[in-house]
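Enquirer: Chains as they are written, first to last, in our numbering: chain A, 3 to 300; chain B, 26 to 127; chain C, 8 to 411.
One thing to keep in mind: the hints can contain errors.
Said to hold, decoys possible - One-sided excerpt, in silico: chain A residues whose CB lies under 8 Å from chain C:
#  : residue
1  : G42
2  : F46
3  : A56
4  : I60
5  : L67
6  : N69
7  : A70
8  : I71
9  : S80
10 : G84
11 : M85
12 : A115
13 : S117
14 : G118
15 : L162
Just so you know, the hints here were simulated from the structure itself, not pulled from any lab data. C-beta atoms are modelled at their ideal positions from N, C-alpha and C, and glycine is treated no differently.
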Amino acid sequence: MSSNRITVKNMTDKEYFLGHKACAGCGGSLAVRLALKVFGDRTFAALPAGCMSAVGFIYPQMAFLNNAIISTFPGTGSMLSGMRAGLDALGVKDAHVVGFAGDGGTADIGLQALSGAIDRREKIIYICYDNEAYMNTGVQKSGLTPYGARTTTSPAGNNLPGSVMQKKNLFEIVAAHDIAYAATASVGYPQDYLNKLSKAAAVEGTSYIHIYATCPTGWGTPTETSVSLAKEAVDSGLWYLAEYEDGAFTLNRKPKEFFPVKEHLLKQGRFKHLKDSDIKVIEEARDKKWKRMLEKWN
Amino acid sequence: MDKPELKDFTKPESIRDYPVGPSFYGGHLVSVNSGWRTFRPVVALDTCTGCFRCYLVCPDGVIAKTEAGKVAVDYDFCKGCGVCAHECPFSAIDMVKEDISE
Amino acid sequence: MIDTRKNESVFVSGDEAVALGVRLSRPQVISAYPITPQTIVVERLSEMVEDGSLDAKYIHVESEHSAMSAAMGASSVGARAFTATSSQGLLYMAEGLHYASGGRMPIVMMNANRSLALPWSIFGDHRDSMSMLDSGWIQVYVEDAQEALDMTIQAYRIAEDPSVLTPFMINLDGFILTHTYELVEVPRQKEVDSYLPPFSTPNKMSLETPKSMGFSTSPADNMEFKYQQHKAMMDSMEVIKKADKEFSEMFGRSYHGLVDCYQCDDAEYILVTAGSVTGTARVAVDTMRIKGIKAGVLKLRFMRPFPEQEIRNILSGAVSYGVLDKDISFGYEGTMFTNVNSALSGSKNFPRGMNFVGGLGGRDISVQDIEEMFIALQKCPDNAYGDYIKSRVSFVNMGVNINE
Chain A
3 MSSNRITVKN MTDKEYFLGH KACAGCGGSL AVRLALKVFG DRTFAALPAG
53 CMSAVGFIYP QMAFLNNAII STFPGTGSML SGMRAGLDAL GVKDAHVVGF
103 AGDGGTADIG LQALSGAIDR REKIIYICYD NEAYMNTGVQ KSGLTPYGAR
153 TTTSPAGNNL PGSVMQKKNL FEIVAAHDIA YAATASVGYP QDYLNKLSKA
203 AAVEGTSYIH IYATCPTGWG TPTETSVSLA KEAVDSGLWY LAEYEDGAFT
253 LNRKPKEFFP VKEHLLKQGR FKHLKDSDIK VIEEARDKKW KRMLEKWN
Chain B
26 MDKPELKDFT KPESIRDYPV GPSFYGGHLV SVNSGWRTFR PVVALDTCTG
76 CFRCYLVCPD GVIAKTEAGK VAVDYDFCKG CGVCAHECPF SAIDMVKEDI
126 SE
Chain C
8 MIDTRKNESV FVSGDEAVAL GVRLSRPQVI SAYPITPQTI VVERLSEMVE
58 DGSLDAKYIH VESEHSAMSA AMGASSVGAR AFTATSSQGL LYMAEGLHYA
108 SGGRMPIVMM NANRSLALPW SIFGDHRDSM SMLDSGWIQV YVEDAQEALD
158 MTIQAYRIAE DPSVLTPFMI NLDGFILTHT YELVEVPRQK EVDSYLPPFS
208 TPNKMSLETP KSMGFSTSPA DNMEFKYQQH KAMMDSMEVI KKADKEFSEM
258 FGRSYHGLVD CYQCDDAEYI LVTAGSVTGT ARVAVDTMRI KGIKAGVLKL
308 RFMRPFPEQE IRNILSGAVS YGVLDKDISF GYEGTMFTNV NSALSGSKNF
358 PRGMNFVGGL GGRDISVQDI EEMFIALQKC PDNAYGDYIK SRVSFVNMGV
408 NINE
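If we strip away everything but chain A, and leave its shape as in the complex, we get (with noise of 0.2 Å):
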């Protein structure tokens, strides 16, 4: 791949996901966007309802240059399935069949359906955006929101600090599907990602990306800073980037030194009422997280 690498130098210029109405600074349609150039033109895409089947598909207004379909929501990985199908039975060869699905797309309503996509072995790629709650439908709590976040259904009061569960960890549970190809990026890191896409795009059967994606609406973020909160998350150890290959974990970056989780954390409105206390439990969940992936992963 590496000879081939699609960087920002060489990439395509045509862009697939114009026009559309996600608000200022989404992370969500960076990581669309930047899918759509490696994957190019015979490119099949389904989006379940979610921020990017809502902006994108308002009629008359037609934000996707590729074929794209809006899925159920629940039904996001076996409609992916029955496009890969329909394709193979009509001859249509070299075709890329995608899946972008939010955090709560993926982890909660779709799960059962992705599970199914990637047990069978199918040729589809599915890309899942994270932006750690139900932002479509008004921030509301997801599988995938880390704890301590304010929501509107996870309030923080005095009882309460926000969301009390952890993330769910979805990508070493698509892992565990042996799946050809898994991994994780965030919009803060852009060229990984793309290394990432690239490598999606050329493996046989399944394959799955987890990207961190910013939302500056749902956080209480300035729109500007949507990826370097996004590389921060990174440097913080609060998102991590990782490949699952050959049944085998690979941690692509491993910070000498986190950013300080509670600088980071305070920037955005959904942890701004975080006590010390909250912020030492989200501190303790990441370092027994990293003790482990650095123990056992490469």
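Add chains B and C to chain A, keeping to what the hints say.
Expert: Relative to the frame of chain A, chains B and C by itself:
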């Protein structure tokens, strides 16, 4: 930039002019997003080195590479988020307040 | 293995007849999740794919919701898709039913009519499909295995017609029809191929013309798409009649379009039925006729589109009519009865009507039960509507006394 032309669109007069079911042409754009902006990114071409960091990270895909090896913003679809200016390693992009009276 | 190059008669179950009809229709993608009493259909289809006699992709999905979702994915790129389900499974894919019809995806699905929990029951009634009546699918109820096979082929022809582009549900009574064996004539592949051309539609995603499908609309446009759906369903009535006529010319079997009649011409008392119980009703009509009672049966084949005109023409000449529903809309009456009454409401002569609710959860409906319905219809009071629901809806063959 390779992008579709903005189309004039009027609501169909006859039911026969509607698409059969919710199926329409990809890239059929009828409205711009420029009205969303409070600030517009302005590129200082003498400072721009053509690293294309802004092009890479633009969530709306509205930054184009120019033949001169610099960048140009498509103000039709730019929402003024400011990621480009924030990310520019050379501070070559300024966010300038839109003049509403224009 | 059946040689589809020549006419052959085989002894098969209703489920197997559907599988044979599916194979003859050359679907390109099959996605299905097992549920009793649908399972035999998908077992046979998977065997056909395995032995190479059916050139289709078989997708093992993890739920009925995904069965419909995968079928829609296939249809959205222009492939011919088939799925099958029953009961709880049909309801689990309910979202997908509306989605497929709204998306104008001509998917064909076999539904093995089965009761809905609770209480759990694997046995047949029509509450599953009747509760999906408003989902925008064409619904046919077949009487026997031959009709099941033939309608599977016709289903694709009708659903894929450019003026229709609407999904099609073939309903078979669970066990009574899915699991009983009959001699069925299997049409020749060559003739089916000329009756049913390959699926072709501009309404799909393709590399030549990239599309955005399944988009959202504002209130300014939504009703137009819903109107289109309604019009397509209304227009399907003529397509159904034409498909039946041409099928009859090619294969020698006609099902007479939207409804079928038995001894209705001079009938004073007509029972409206759907599905396999029609055969039992035909026998009851014969015995009533021997007794000098002018009985008839109107077999309601299609519940959507609803054959209003046919029903009005046939029933308005009767003294009274009954509707045998294997379904009850709790708090009112059987859904077929409501629909039939609605059809009659515009006629000058609105005969007296009674609703017989029977067969729920697989309860038998015997010839004698139906004879009793005809006797009740003879006594059907003028003021059947005077006492409202209580006097016009009766439960057939209850095992206990319900007159408290």
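Enquirer: Taking the hints in turn, state whether each one holds.
Expert: To see whether the hints hold, each was checked on the structure:
Below 8 Å, beta-carbon pairs count as interface contacts, and A:G42 has none with chain C, the closest being about 11 Å; its hint is therefore violated. Evaluation of the A:F46 hint against chain C yields a held restraint, the C-beta minimum of about 6 Å falling below 8 Å. The restraint placing A:A56 at the interface with chain C holds, with a minimum CB-CB distance near 7 Å, inside the 8 Å limit. Taking 8 Å as the C-beta cut-off, the interface hint given for A:I60 holds, the closest approach to chain C being about 6 Å.
Contact between A:L67 and chain C, as hinted, is supported at the beta carbon level, the nearest pair being about 6 Å apart and thus within 8 Å. Residue-level restraint check for A:N69 holds (minimum Cβ-Cβ distance to chain C is 4 Å; threshold 8 Å). Taking 8 Å as the C-beta cut-off, the interface hint given for A:A70 holds, the closest approach to chain C being about 5 Å. Because the smallest distance between the Cβ of A:I71 and any Cβ of chain C comes to about 4 Å, under 8 Å, the interface hint for this residue holds.
Taking 8 Å as the C-beta cut-off, the interface hint given for A:S80 holds, the closest approach to chain C being about 3 Å. At a threshold of 8 Å, the smallest CB-CB gap from A:G84 to chain C is about 2 Å, leaving the interface hint in force. Because the beta carbon of A:M85 sits about 4 Å from the nearest beta carbon in chain C, less than 8 Å, this interface hint is met. For the restraint placing A:A115 at the interface with chain C, the shortest Cβ-Cβ distance is roughly 5 Å, inside the 8 Å limit, so the hint holds.
The interface hint given for A:S117 is met, as the beta carbon of that residue sits about 7 Å from the closest beta carbon of chain C, less than 8 Å. For A:G118, the interface hint holds, the least distance from its beta-carbon to any beta-carbon of chain C being 3 Å, beneath 8 Å. Interface hint status for A:L162: violated, as the beta-carbon distance to the closest one in chain C is roughly 33 Å, over 8 Å.
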